[in-house]
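Protein chains in written order, with this note's numbering: chain A, 7 to 328; chain B, 7 to 328.
Be careful, since some hints might not be right.
As the list makes no split between identical chains, a pair holds if one copy fits it or if it spans any two.
Quick list of in silico lysine-lysine cross-link-like pairs, BS3-like style, CA-CA up to 27 angstroms [unchecked claim]: (1) 110 x 186; (2) 213 x 110; (3) 138 x 272; (4) 186 x 9; (5) 296 x 309; (6) 10 x 194; (7) 262 x 296; (8) 110 x 214; (9) 186 x 115; (10) 115 x 214.
Since the hints were derived computationally from the structure, they do not count as laboratory data.
This is what each chain is made of:
Number of protein chains: 2
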Amino acid sequence: MEKKLAVVALGGNALLRGDQSGTIDEQEQNTTETLENLVFLIREGYDLVITHGNGPQVGNILMRNDAGEQMYSIAQMPVDICVADSQGGIGYMIERMFRNVLNKHGINKNVVCIVTSIIVNINDPAFSDPQKRIGKIYNKNEADDLALRKGWIFREEIKNVNGYRRVVPSPVPIDIMNQKIIRDLARKGNIVIAAGGGGVPVYIDDKKDVRPAEAVIDKDLASSLLASQIGADEFYILTDVPYIYINYKKPNQEIKEFLNYADALKYLNEGQFAKGSMQPKIEACLNFIKQGGKLSVITEAFKLADKKYGSKITMEYEDDRR
Amino acid sequence: MEKKLAVVALGGNALLRGDQSGTIDEQEQNTTETLENLVFLIREGYDLVITHGNGPQVGNILMRNDAGEQMYSIAQMPVDICVADSQGGIGYMIERMFRNVLNKHGINKNVVCIVTSIIVNINDPAFSDPQKRIGKIYNKNEADDLALRKGWIFREEIKNVNGYRRVVPSPVPIDIMNQKIIRDLARKGNIVIAAGGGGVPVYIDDKKDVRPAEAVIDKDLASSLLASQIGADEFYILTDVPYIYINYKKPNQEIKEFLNYADALKYLNEGQFAKGSMQPKIEACLNFIKQGGKLSVITEAFKLADKKYGSKITMEYEDDRR
Chain A
7 MEKKLAVVAL GGNALLRGDQ SGTIDEQEQN TTETLENLVF LIREGYDLVI
57 THGNGPQVGN ILMRNDAGEQ MYSIAQMPVD ICVADSQGGI GYMIERMFRN
107 VLNKHGINKN VVCIVTSIIV NINDPAFSDP QKRIGKIYNK NEADDLALRK
157 GWIFREEIKN VNGYRRVVPS PVPIDIMNQK IIRDLARKGN IVIAAGGGGV
207 PVYIDDKKDV RPAEAVIDKD LASSLLASQI GADEFYILTD VPYIYINYKK
257 PNQEIKEFLN YADALKYLNE GQFAKGSMQP KIEACLNFIK QGGKLSVITE
307 AFKLADKKYG SKITMEYEDD RR
Chain B
7 MEKKLAVVAL GGNALLRGDQ SGTIDEQEQN TTETLENLVF LIREGYDLVI
57 THGNGPQVGN ILMRNDAGEQ MYSIAQMPVD ICVADSQGGI GYMIERMFRN
107 VLNKHGINKN VVCIVTSIIV NINDPAFSDP QKRIGKIYNK NEADDLALRK
157 GWIFREEIKN VNGYRRVVPS PVPIDIMNQK IIRDLARKGN IVIAAGGGGV
207 PVYIDDKKDV RPAEAVIDKD LASSLLASQI GADEFYILTD VPYIYINYKK
257 PNQEIKEFLN YADALKYLNE GQFAKGSMQP KIEACLNFIK QGGKLSVITE
307 AFKLADKKYG SKITMEYEDD RR
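Pulled out of the complex, with its shape left as it was, chain A reads as follows (with noise of 0.2 angstroms):
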């Protein structure tokens, strides 16, 4: 019988956490960390597809840049770039410390990391509606400056910060690149690191030519798509909390550890997932439930390794499980 293979996304914090400065020592702690939780699926047989966000490594870099330009007038890299940047260090650092973690648990796989390009409609809406914001806060002036010379877009910052940043298209991802060979190096047995950051986002212009997108795809959206377009048979969020919750911080807040697609598809439309946080998550996991995918998991990395833990979305309810 075919091994099960699992796509699992690692967030933000699985890679640094908020209240770290983002040192390499920190960085490879928590990779080795998180990685530890995922031995378990390892010794359960499956076959593993890691990807993982970007956003505070890429953030750096996107500031490193603007900092090399005004002190050394080194020339800005786009978006794109950037990007694949990041997939290129943070896929080095996360196969050098599953390699270690492996080795420690006397396991003997292989780790790969191939960069990945996603391809987006370069007619989605989100083209027209810049909503994802990037790199450093800049003040009106400055931001008034950059808009003129490159051609960004601003929006003034929210929640008491004082200032502007960039904004950048979030379109949806429609196709992975190379997502054969990824899918083959996985069921040899690899663990494939792929789609960091969201993939690199590109779209297809007039002439078939491959062209960048000045955009940022969403983490768990990618992963998702490349989870069904592998045919994965599960999914994991590794996030910063263990559950899904409904009503979340209100006094009738309630955690839904077994959901199935139309409840969770209710809560969705409800408004019950905040927007860029949970919400996406959410969608993700459905949209792999919906491509055929059998499970989708949201939940802390830490608990994953106890499998009672965590959020579960499955098509129907697992009764035998409740």
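Place chain B on chain A using the hints.
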């Protein structure tokens, strides 16, 4: 009959010329022009693995790390992460430009980039005699401060440049990670981009953990090792001169279009080839031949397409072609 397998190493100026400022437009245009010259190899039926340098790009990444720390107190990344970042960014760019070159020529082939670590020996004598200059030029006070804070080693610049540069070891590559995957993907007809920037240098410690080496591996030596380890038939180094010369830039300068192993080794031992420039390229070519490779070629990218051009090294003279 199995197709011929070739490894083609793209030199620094195949992607970015010394007289250019380093914008992404320049890099994409140069890369496209370089890759156009590889189309004939594909038409002749070769399976291809592409390697590349990263000198200007990783130099800029290191400078941006310095600037980001100074302006925004962003933690600097170590050399291994910077090299991995450059593999992601450059690898993605080469993949995209190659897809478009293939599209233009109506060739149906896939392109994929593998983030590649390369194992070095931590007891390599290079680690006690770091020679490879990287990053920005500092004044004496800055260099002393960084040496104290970060443990970096500096050397005074030469050739009328006033200041100090960080030096890192340039150890010999001994084993390419994921070489079987690289070979298999190439043998299935994918154009594989690998071992960028000489590979991310790592070593194996006493516990068999993979550790990062603060070092830079020569990209031609890394490419040659990859070519040998994947059983390539031919190895091409694309650089900024059309031929191998002896008595280079002297009155008795001589083009060497056909060289056998013994003569090339003799010239190498005579010191005919410039250190850090043509010398490692010749060494890389000779290593490949010694390990059983059939043909090493050194030439300019745009002369590659006409097989009459360029210098060729084989074990024996190819008398019929002289």
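Measure nothing new, just compare the shortest in-copy and cross-copy C-alpha distances for residue 262 and residue 296 to 27 angstroms and report within, between, both or neither. This pair counts as within: shortest intra-copy Cα distance 19 angstroms, inter-copy 64 angstroms.
Within a copy, between copies, both or neither: which one fits residue 115 and residue 214 at a CA-CA cutoff of 27 angstroms? between (38 angstroms within a copy, 14 angstroms between copies)
Checking residue 110 and residue 186: alpha-carbon separation at most 27 angstroms within a copy, between copies, both or neither? Classified as between: cross-chain Cα gap 23 angstroms, same-chain 30 angstroms, threshold 27 angstroms.
Up to 27 angstroms CA-CA - residue 110 versus residue 213, copy category: Close across copies (9 angstroms), not inside one copy (50 angstroms); limit 27 angstroms.
Are the CA atoms of residue 110 and residue 214 at most 27 angstroms apart within a copy, between copies, both, or neither? For residue 110 and residue 214, the Cα distance is within 27 angstroms only across copies (9 angstroms; inside one copy 47 angstroms).
For residue 296 vs residue 309, is the C-alpha pair at or below 27 angstroms within one copy, between two copies, both, or neither? within (26 angstroms within a copy, 53 angstroms between copies)
Up to 27 angstroms between alpha-carbons, please classify residue 138 paired with residue 272: within, between, both or neither. within (26 angstroms within a copy, 60 angstroms between copies)
At most 27 angstroms between C-alpha atoms: does residue 186 with residue 9 qualify within a copy, between copies, both, or neither? Both. Shortest intra-copy (17 angstroms) and inter-copy (22 angstroms) distances satisfy the 27 angstroms Cα cut-off.
Checking an output row: residue 186 and residue 115, CA cutoff 27 angstroms. Within, between, both or neither? both (20 angstroms within a copy, 14 angstroms between copies)
Can you give me the call for residue 10 and residue 194, within, between, both or neither, at a CA distance of at most 27 angstroms? Cα proximity of residue 10 and residue 194: in one copy and across copies (12 angstroms, 25 angstroms).
Of the hints listed earlier, there is not a single one the structure fails to meet.
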